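Chemist: Kindly generate the complete structure, drawing on both the sequences and the hints.
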Amino acid sequence: MFTEYKEDNVKLYDPVKVSDEVKKLVTRYSGNIEERKYFRFRGGRWYGGISSADVIGCNLKCKFCWAWYFRDRYDLGFYLSPEAAYERLVRIAFKGGYKYLRLTGGEPTLSKTHLLNLLKLNDEEHKHIFILETNGILLGVDETFSKELAKFNNVLVRVSFKGTTPEEFSLLTGAEPTAFLYQFKAVENLINAGLKPGREVVVAAMIGFSSDENIAKFTLKIAEISEELLDIDWEYVIMYPHVEKILKKYRLTPTKSVHPGKIPDDMV
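Numbering (this note's numbering), first residue to last: 225 to 492.
These are calculated hints, taken from the structure and not from any lab test.
Fair warning: this is a prediction, and the values are worked out from it, not measured in the lab.
You may find that some hints are simply not true.
To be verified - List of simulated lysine-lysine pairs, DSSO-like, C-alpha gap at most 30 Å: (1) Lys371 <-> Lys441; (2) Lys235 <-> Lys472; (3) Lys319 <-> Lys344; (4) Lys420 <-> Lys445; (5) Lys445 <-> Lys409; (6) Lys241 <-> Lys472; (7) Lys285 <-> Lys480; (8) Lys285 <-> Lys371; (9) Lys375 <-> Lys409; (10) Lys248 <-> Lys344.
Modeler: This is the structure in structure tokens:
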């Protein structure tokens, strides 16, 4: 179903066009309300304790993705309005004493209107911080999206880079290498929109397959945007059994990984 391109005998896809295709499979309208397809809701220890909603559907097909087993399963899950999803998130947060809420698993920005309505509800409640975990592709393409996010007071945007170079990005996602630049553009757009670097915009990067040289060059590029972004969240591959399974499928061996029972506190 995905729009693919052939380059050097390797099929690559354009994640922007994939976004349009996947959105049709994971969103629907009930009246004028955009609903999003969810897989599950749960509490967890990440960020010191957070209420999480796993969404179905993504515009990248990362070969190390921990959520691969439901990410593209459009036959699974259930649709919720922003109000219903927010109610579930808050219920879990209050029960667990969590300060943070998030959408994770798939790509939250595919359902733009749904997401913005969630953030509006969170601002009105004013008791939790909403962490937007995103690959940034759509924020890099659409400058106005970042401006709309910047209107909210209780949002933290975490842009997760898939590798540290265009070549790594393409290897790990199967997407066109030029799409890697959208991730940098997303960070720039968010800061230009008024979000504070290091506080309201943070950078994460998957370095499980990166050389030290590439990591160093990536760090310099982030510093060029803002030195306040340099507290980068370096991501290792977490070797859950289902992640090991997908890595074997793609014949990928990470050089930096951790096992689920031995995740350092600074990675949680």
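Chemist: Quick one: which hint numbers does this structure break? Sort them smallest to largest.
Modeler: none
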